[in-house]
Amino acid sequence: KAGVTQTPRYLIKTRGQQVTLSCSPISGHRSVSWYQQTPGQGLQFLFEYFSETQRNKGNFPGRFSGRQFSNSRSEMNVSTLELGDSALYLCASRPGQPGDTEAFFGQGTRLTVV
Amino acid sequence: QQQVKQSPQSLIVQKGGIPIINCAYENTAFDYFPWYQQFPGKGPALLIAIRPDVSEKKEGRFTISFNKSAKQFSLHIMDSQPGDSATYFCAASLMGTSGSRLTFGEGTQLTVNP
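So the sequences go chain by chain: L and W. Residue numbers 686 to 799, in my numbering, belong to the letters of the first sequence in order. Residue numbers -15 to 98, in my numbering, belong to the letters of the second sequence in order.
Just so you know, the hints here were simulated from the structure itself, not pulled from any lab data. Check the hints yourself; a few may be wrong.
To be verified - Below 30 Å or equal to it, Euclidean Cα-Cα: the simulated BS3-like pairs (lysine-lysine) are:
#, chain 1, residue 1, chain 2, residue 2
1, L, Lys698, W, Lys26
2, W, Lys(-11), W, Lys(-1)
3, L, Lys742, W, Lys26
4, L, Lys742, W, Lys52
5, W, Lys41, W, Lys(-1)
6, W, Lys(-11), L, Lys742
7, W, Lys55, L, Lys742
Make the full structure from the sequences, and use the hints.
Structure below.
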């Protein structure tokens, strides 16, 4: 079974631009969560999507948004990039059934804002 | 109330030693406590997890000790090996039907010297 796939692996963007990151979950998994990892703030929850609906949201500004498609693939978008948005963005997938626990993480997308 | 505090920030042991990483949480509603291992350039991978109705769980060389009254849990790595050198994150979550979000500790960088 293929793991969680995130594309691209690396991105360099300029302040003020916007960026879209993609995540393909494990086949059959319907829940996709996004996390931001930085040296200063650690791993922070952005949002979770399940069956194309956002069902959990972290404390990030509205510049961070996401969506999920009918095949469970998810995208997250960051608009008006700031230097502080430089981070490793991780996607995690789960089956999404009540009681399921393990979250499987992708390798992440390393975003650098210059 | 959603915080998870992890210590120490870094840890160096000799091969065969028993590193211990500690975490404390505030929200008594948390019902799932996983530990993740992360190698450079990789996403976090689930190592071992525990539910609050169990005081200890062992999987191979990894053991979680859980103290519900103190709201603390810890990871012990028996007979540590250089290959265990990685960053370790504790986390806590509410595994409800409305989805889940992992709240992570700050991480511990473990170095096992040969």
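Against the structure, the hints:
1. With a C-alpha separation of about 22 Å, the suggested pair L:Lys698 and W:Lys26 falls inside the 30 Å cut-off, and the hint holds.
2. Of the pairs offered as hints, the one joining W:Lys(-11) and W:Lys(-1) holds, with about 27 Å between alpha carbons and a cut-off of 30 Å not exceeded.
3. For the hint pairing L:Lys742 with W:Lys26, the CA-to-CA distance comes to about 24 Å; that is within 30 Å, so the pair holds.
4. A threshold of 30 Å between alpha carbons decides the hint, and for L:Lys742 with W:Lys52 the separation of about 27 Å falls inside it, so the pair holds.
5. In summary, the hint linking W:Lys41 to W:Lys(-1) is supported, as the alpha carbons are separated by about 23 Å, within the 30 Å threshold.
6. Between W:Lys(-11) and L:Lys742 the CA atoms are separated by roughly 21 Å; this keeps the pair inside 30 Å, and the hint holds.
7. A C-alpha spacing of about 25 Å is found between W:Lys55 and L:Lys742, which places the hinted pair at or below 30 Å, so the restraint holds.
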